[in-house]
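**Q** Kindly produce the complete structure, drawing on both the sequences and the hints.
First residue of the sequence shown: 575, per this note's numbering; consecutive thereafter.
Don't read these hints as lab results, they were simulated from the structure. Everything numeric in this text was worked out from a predicted model, so none of it was measured. Be careful, since some hints might not be right.
[Unchecked claim] Pairs of lysine to aspartate or glutamate, EDC-like flavour, derived with a Cα cap of 16 Å: (1) K663 with D647; (2) K663 with D690; (3) K663 with D675; (4) K663 with D651.
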Amino acid sequence: MIHLMAFALAAAQVPAAGQTGVTSAAPQTTKGSPATFDLAGFRLGMSEADVEQVIRERRLTVRRRTRATTFEDRVRDLVNVRGGRLPLKGGSVLDNADLDDGKGGRISIRMLGWPDGARIRNVTYLPPAGTTPAA
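**A** In structure tokens:
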């Protein structure tokens with residue numbers, strides 16, 4: 575059981591610090607590097623606090639928001655399933671958010687829980703009905 579636990583914890587370690595688009599957001603857009611793109615003010619790798627700041631600054635309307643168990647509690651739960659006795663801390667992080675941009679468009683944010691909190695893993699923008707693509 576100790577070997578399985580060590581493997582699970584090793585596999586769950588955060589990638590190298592500052593990995594753009596995974597554990598940190600890019601400070602600016604770089605041509606040809608999708609991990610740095612800004613979509614409606616959101617960038618891959620942004621933290622939950624960054625997401626909340628963009629929502630406030632752009633005055634976006636939250637249509638739906640869900641929360642998930644923290645990374646630490648998920649690990650503790652797996653330990654307990656295997657016979658451990660670790661108490662859960664009961665924390666949560668942002669999991670998903672569906673937003674209205676106020677112009678008929680929708681923004682969907684999906685987060686991924688890391689040991690240091692949730693980070694954006696996916697941003698989808700649905701333009702208003704009738705929008706034609708730019709040439």
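**Q** Work down the list of hints and note, for each, if the structure agrees.
**A** Do the hints match the structure? See the list:
no., hint, in the structure
1, K663 with D647, "6 Å, holds"
2, K663 with D690, "15 Å, holds"
3, K663 with D675, "35 Å, violated"
4, K663 with D651, "10 Å, holds"
Consistency with the previously given hints fails for number 3 only.
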